[in-house]
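Visitor: What follows is each chain in one-letter form.
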Amino acid sequence: AQKVTQAQTEISVVEKEDVTLDCVYETRDTTYYLFWYKQPPSGELVFLIRRNSFDEQNEISGRYSWNFQKSTSSFNFTITASQVVDSAVYFCALSEATGGFKTIFGAGTRLFVKA
Amino acid sequence: GAVVSQHPSWVICKSGTSVKIECRSLDFQATTMFWYRQFPKQSLMLMATSNEGSKATYEQGVEKDKFLINHASLTLSTLTVTSAHPEDSSFYICSARQGFNEKLFFGSGTQLSVL
Numbered sequence: 001a002q003k004v005t006q007a008q009t010e011i012s013v014v015e016k017e018d019v020t021l022d023c024v025y026e027t028r029d030t031t032y033y034l035f036w037y038k039q040p041p042s043g044e045l046v047f048l049i050r051r052n053s054f055d056e057q058n059e060i061s062g063r064y065s066w067n068f069q070k071s072t073s074s075f076n077f078t079i080t081a082s083q084v085v086d087s088a089v090y091f092c093a094l095s096e097a098t099g100g101f102k103t104i105f106g107a108g109t110r111l112f113v114k115a
Numbered sequence: 001g002a003v004v005s006q007h008p009s010w011v012i013c014k015s016g017t018s019v020k021i022e023c024r025s026l027d028f029q030a031t032t033m034f035w036y037r038q039f040p041k042q043s044l045m046l047m048a049t050s051n052e053g054s055k056a057t058y059e060q061g062v063e064k065d066k067f068l069i070n071h072a073s074l075t076l077s078t079l080t081v082t083s084a085h086p087e088d089s090s091f092y093i094c095s096a097r098q099g100f101n102e103k104l105f106f107g108s109g110t111q112l113s114v115l
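So the sequence lines, in the order shown, correspond to chains A and B. For what it's worth, the numbering used here labels the leading residue of the first sequence as 1, then goes sequentially. For what it's worth, the numbering used here labels the leading residue of the second sequence as 1, then goes sequentially.
For the record, the hints were derived by calculation from the structure and aren't laboratory data. It cannot be assumed that every hint is accurate.
[As the list claims (entries may be wrong)] Simulated restraints, written as ranges between beta carbons of each label pair: (1) F100(B) - E59(A): 15 to 23 Å; (2) E56(A) - H85(B): 42 to 50 Å; (3) S113(B) - N58(A): 40 to 48 Å; (4) E87(B) - V84(A): 31 to 39 Å; (5) S9(B) - R63(A): 26 to 34 Å; (6) N58(A) - K20(B): 42 to 50 Å.
[Claimed, not checked] A few chain A residues that face chain B, going by a derived Cβ cut-off under 10 Å, partial list only: (7) Y37; (8) Q39; (9) S42; (10) F47; (11) I49; (12) N52; (13) S95; (14) A97; (15) F101; (16) T103; (17) I104; (18) F105; (19) A107; (20) R110.
Every value quoted in this text rests on a predicted model; they were computed, and no experiment measured them. Where is the CB? At the ideal position from N, CA and C, for every residue including glycine.
Using the sequences provided together with the hints, build the complete structure.
Guide: Here you go:
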């Protein structure tokens with residue numbers, strides 16, 4: 001069965017600090033997709049990144065970067081030089097072939113960035 | 001980018017009544033739509049997977065007679081909460097995707113309050 005664990009419930013940082021959000025997943029499939037979504041206070045989820053199981057290349061997009069390591073089943077998300085607007089709940093999600101590619105979410109990490 | 005429209009944004013109803021929530025993909029054909037439920041400060045719990053023209057697949061523990069899902073076309077799925085009770089009060093979110101390996105686009109969510 002697929003499972004996503006986000007051990008950090010809440011993180012509080014001061015603006016301009018770097019912060020890493022952890023995500024550990026479990027799956028028996030060799031074909032799967034990992035995602036990160038952001039849920040700001042407005043409630044609507046915003047897609048951040050998708051990574052398939054065959055592509056372990058790390059990715060950087062502006063202040064965001066992702067580290068995918070199959071050896072440790074982790075897909076961590078780092079925000080560099082955090083800003084107040086980054087305050088939100090961040091969800092890691094997994095979609096696997098066996099499950100018909102339905103997307104299962106982790107518990108989420110609530111990030112507070114203080115000015 | 002792709003847009004998913006969800007209506008209504010919020011609804012208040014009396015116990016025992018039924019409530020219908022609509023989810024439309026505005027600029028793409030959604031082969032699959034998902035319905036999630038989110039309690040305050042918690043993660044998204046998948047309720048069911050809806051494929052156009054076929055019966056929805058419900059997750060374990062979700063009452064199919066309670067939460068009726070209809071995916072009548074490639075752009076519209078509806079969730080009807082039948083005989084709503086206060087414990088059904090929650091934030092319901094729909095999502096849609098074009099292909100199995102595609103990212104999800106989310107609706108803005110519906111806050112249901114049952115009095």
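Visitor: Each of the hints needs a verdict: does it hold here or not?
Guide: Hints and how they fare:
1. F100(B) - E59(A): 15 to 23 Å: 22 Å, holds
2. E56(A) - H85(B): 42 to 50 Å: Hint holds: Cβ distance 47 Å, inside 42 to 50 Å.
3. S113(B) - N58(A): 40 to 48 Å: 43 Å, holds
4. E87(B) - V84(A): 31 to 39 Å: 36 Å, holds
5. S9(B) - R63(A): 26 to 34 Å: 31 Å, holds
6. N58(A) - K20(B): 42 to 50 Å: 44 Å, holds
7. Y37: 8 Å, holds
8. Q39: Status holds, d = 9 Å.
9. S42: 8 Å, holds
10. F47: 5 Å, holds
11. I49: Holds, about 9 Å.
12. N52: 7 Å, holds
13. S95: Given a least distance of 8 Å, the restraint on S95(A) holds.
14. A97: 8 Å, holds
15. F101: This interface hint holds because 4 Å falls under the 10 Å limit.
16. T103: Because about 6 Å separates T103(A) from the closest Cβ in chain B, which is inside the 10 Å limit, the hint holds.
17. I104: With a minimum Cβ separation of about 6 Å from chain B (threshold 10 Å), the hint on I104(A) holds.
18. F105: Holds, because the Cβ-Cβ distance from F105(A) to chain B comes to roughly 5 Å (cut-off 10 Å).
19. A107: 5 Å, holds
20. R110: 7 Å, holds
Violation of the numbered hints given earlier is absent; every hint is satisfied by the structure.
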